[in-house]
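**Student:** Spelled out from the first residue to the last, the chains are:
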Amino acid sequence: MRWGMVIDLTSCTGCYACVTACQQEHFLPPGIFWNRLMISETGVYPLLENEVYPVLCNHCKETICVKVCPSGATQQRKDGIVWIDQEKCIGCRYCIVACPYQARSYNPEERKYLGIVQGLTEFGRLGKEQYPQQTGVAVKCNYCMERIDSGLKKGLKPGVDRDATPVCVNTCPTSARHFGDLDDLRSEVSSLIRRRRGTSFHPEFGTDPSTYYIRT
Amino acid sequence: MIEYTGQTEWVEGRGILVWLAFFFIELGAGTFLISSMFASLRGMILGWLICTILGGGLHLLYLGHPLRFWRILVSSGWKTSWISRGLYFVGFFLFLGGIHIILTQWASPDLGLLIAGDIFAFLSVMYGGLALSYVHGIPLWNSGLLPVLFCVAGLWGGAGVTILATPSAGGITGVDHVEELAPIFLGFYILLVIIYLMSATYYGTTGKLSVREMLVGKRASIFWLMTVGMGMALPLGVAITSFLAGIASVPPPLVSMIIILELVGDLSLRYCILKSGFYNPLVSSRNQ
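As you go down the protein sequences, you meet chains A and B in turn.
For the working numbering, add 11 to where a residue sits in the first sequence, where the first one is 1.
For the working numbering, add 227 to where a residue sits in the second sequence, where the first one is 1.
Derived from the structure by calculation, the hints contain no laboratory data.
No residue lacks a Cβ here, since even glycine has one placed at the ideal position from N, Cα and C.
Any given hint could turn out to be false.
Claimed, not checked - Estimated spans, in silico, between C-beta atoms of each pair:
#1 B/Leu288 to A/Lys72: 48 to 58 Å
#2 A/Lys168 to B/Thr432: 35 to 45 Å
#3 B/Ala460 to A/Glu157: 30 to 40 Å
#4 B/Ala447 to A/Glu199: 49 to 59 Å
#5 A/Glu199 to B/Thr307: 52 to 62 Å
#6 B/Ala460 to A/Leu131: 28 to 38 Å
#7 B/Trp297 to A/Lys139: 19 to 29 Å
#8 B/Ile329 to A/Glu215: 48 to 58 Å
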């Protein structure tokens, strides 16, 4: 089993719903994004066009980040998900530098000015309880592995049942994102990659990413 | 990510500490290695201190969680991570080198210990270059020449610091040989910089852009003034003059000044390499 995502660029409207949902799901601090939109401009003025690329961790099969991590904080699960054990991360940022997809970021020291005057919002308080984000560590997308794990325990199927599917996939209003098992040839993601020639970023690095893009 | 974005984590903000830490680790280890070859105890102590206090200290200061650095020792990261291997190299070098210094000062030195310490000192000189060359996403760094360049720079700097440390030690007999060695390192260094930059232009558009950034872009003033002018041209001029006129004709203050300029040149080259390291863009913009 290897979880993967397929993003249909012909359907993506660049609405940032996935970015916002991800921020909310993981209670990410300001300025930290696990999910981003890259907007590329093509054409010649005045006939310009924007191409939108939602980018997140590729959860590569051949992981560079796991290899460079000196403390064993970055790990790969059997289902292919690459995650960071924040308790083990020493904050050397080698993984951030080494990731050729620039999918990782550093959660810097706590911004003391946030919440001083008015205090934390209810959402902020909830985040500190439910999803405490450590500072001084590398952070990145984890394919919402908590949702996947809890969903599987309930007998749900990731990519099919909403409660077991990454929140960015659930929230996409145009259903541009698809999630499923790349090793299962009958899964929706495998079928999409095959039928619509899904490609990944920089295959020449030999990292074998699990996030694919459909361009046509 | 669409345009050519530069690496920032290891050179901007607190990242400056990494730039300095790599430099001091390699300079300290290089100084110890060269000093040990010419039996300069003062040089060895200085190299050991530079590596421990400046190199190790700056590395620790940079970490988001410095108190967790012990986790490197208990993980199996050494199998694949150059940071982890670097810690072992530097750790063994400092341990063995420290014992050798103590034995030399208060008892009789052990040759086997010194050789083992020197091997780890040599690996420590290579460490920064190896860590950078593993980064596939930055073509300028992803070169087998980078560890060699950093190694030569570390040994050359080490030779310089050994010369600086030696006169006040009361005249070590080998110092003249160190002074003879320095121009050889300088020649290698200049040659390697030229080959490294030329080869980087073959690593696609991103590599070319990185080199252009160094030679004619935003880093050009630092590169030409400090790396080439201070770090190469002036020491080369003095080396040629001293070769023609004999080493004894170079006044010690001038030698000291040249060594300091050489270190500034090396430091600035490392800055340019770190700062000009562009990532391959994920997608190309503007109809490319």
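**Student:** A separate judgement is required for each hint: does it hold in the structure or not?
**Tutor:** Tested hints:
1. Distance hint for leucine 288 of chain B and lysine 72 of chain A: a CB-CB separation of about 36 Å, inconsistent with the stated range 48 to 58 Å.
2. Hint check: lysine 168 of chain A to threonine 432 of chain B, Cβ distance near 43 Å, so the stated range 35 to 45 Å holds.
3. Checked against the given bound of 30 to 40 Å, the beta carbons of alanine 460 of chain B and glutamate 157 of chain A, roughly 59 Å apart, lie outside it.
4. Hint check: alanine 447 of chain B to glutamate 199 of chain A, Cβ distance near 52 Å, so the stated range 49 to 59 Å holds.
5. In this structure, glutamate 199 of chain A and threonine 307 of chain B break the distance hint of 52 to 62 Å, their C-beta atoms being roughly 34 Å apart.
6. As the Cβ distance of alanine 460 of chain B to leucine 131 of chain A is approximately 58 Å, the hint placing it in 28 to 38 Å is violated.
7. With their beta carbons about 27 Å apart, tryptophan 297 of chain B and lysine 139 of chain A fall inside the hinted range of 19 to 29 Å.
8. Taken as a hint, the range 48 to 58 Å holds for the pair isoleucine 329 of chain B and glutamate 215 of chain A, whose Cβ atoms sit roughly 51 Å apart.
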